[in-house]
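**Q** Sequence:
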Amino acid sequence: MASQWRERWIAGQAKGIEITERIKDAERSGAPAKFQPEQILQLFKLACDDPRDYARPISHWTGRELAEELVK
1 MASQWRERWI
11 AGQAKGIEIT
21 ERIKDAERSG
31 APAKFQPEQI
41 LQLFKLACDD
51 PRDYARPISH
61 WTGRELAEEL
71 VK
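Residue numbers (the working numbering): 1 to 72.
If you are wondering where the hints come from, they were derived from the structure by calculation, not from laboratory data.
Ideal Cβ placement from N, Cα and C applies to all residues, glycine included.
Don't take each hint at face value.
Listed next, with one range per pair, are the computed distances between beta-carbon atoms [said to hold, decoys possible]:
(1) R52 with G12: 32 to 40 angstroms
(2) S3 with F44: 35 to 43 angstroms
(3) D53 with G16: 31 to 39 angstroms
(4) S29 with V71: 36 to 44 angstroms
(5) A11 with L66: 25 to 33 angstroms
Mimicking BS3-like on lysine-lysine, the simulated pairs with C-alpha atoms at most 27 angstroms apart in a straight line are [as the list claims (entries may be wrong)]:
(6) K15 with K45
(7) K34 with K72
(8) K24 with K34
(9) K34 with K45
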């Protein structure tokens, strides 16, 4: 597998492809993402906030509490 990566790296270098393009992940098959990047960032922000700031009588978020707050 490492030899394939090396070959792709060298081939990309020979073609003059930018480094950021050479290290980018390839498209993958499978189901599309369920959440947009903005939604994931919103979840991370909420998880870092104090639940009491949202009138929650808890000191730490649970998955259920986060889900309920995000649906609001």
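**Q** For each hint, tell me whether it holds in the structure or not.
**A** So, going through the hints one by one against the coordinates:
1. The hinted range of 32 to 40 angstroms is not satisfied by R52 and G12, whose Cβ atoms lie roughly 51 angstroms apart.
2. At about 37 angstroms, the beta-carbon gap between S3 and F44 stays in the expected band of 35 to 43 angstroms.
3. D53 and G16 have their C-beta atoms about 51 angstroms apart, which leaves the hinted 31 to 39 angstroms range violated.
4. In this structure, S29 and V71 break the distance hint of 36 to 44 angstroms, their C-beta atoms being roughly 31 angstroms apart.
5. At about 44 angstroms, the beta-carbon gap between A11 and L66 misses the expected band of 25 to 33 angstroms.
6. As the CA atoms of K15 and K45 are separated by approximately 41 angstroms, the hinted pair breaks the 27 angstroms bound.
7. Annotation: proposed proximity of K34 to K72 holds, straight-line Cα distance about 18 angstroms (limit 27 angstroms).
8. Taking the CA atoms of K24 and K34, the gap is near 21 angstroms; set against the 27 angstroms cutoff, the hint holds.
9. Restraint check for K34 and K45: satisfied, since their Cα atoms lie roughly 18 angstroms apart, inside the 27 angstroms limit.
Hint compliance for this structure: hints 1, 3, 4, 5 and 6 are broken, all remaining hints hold.
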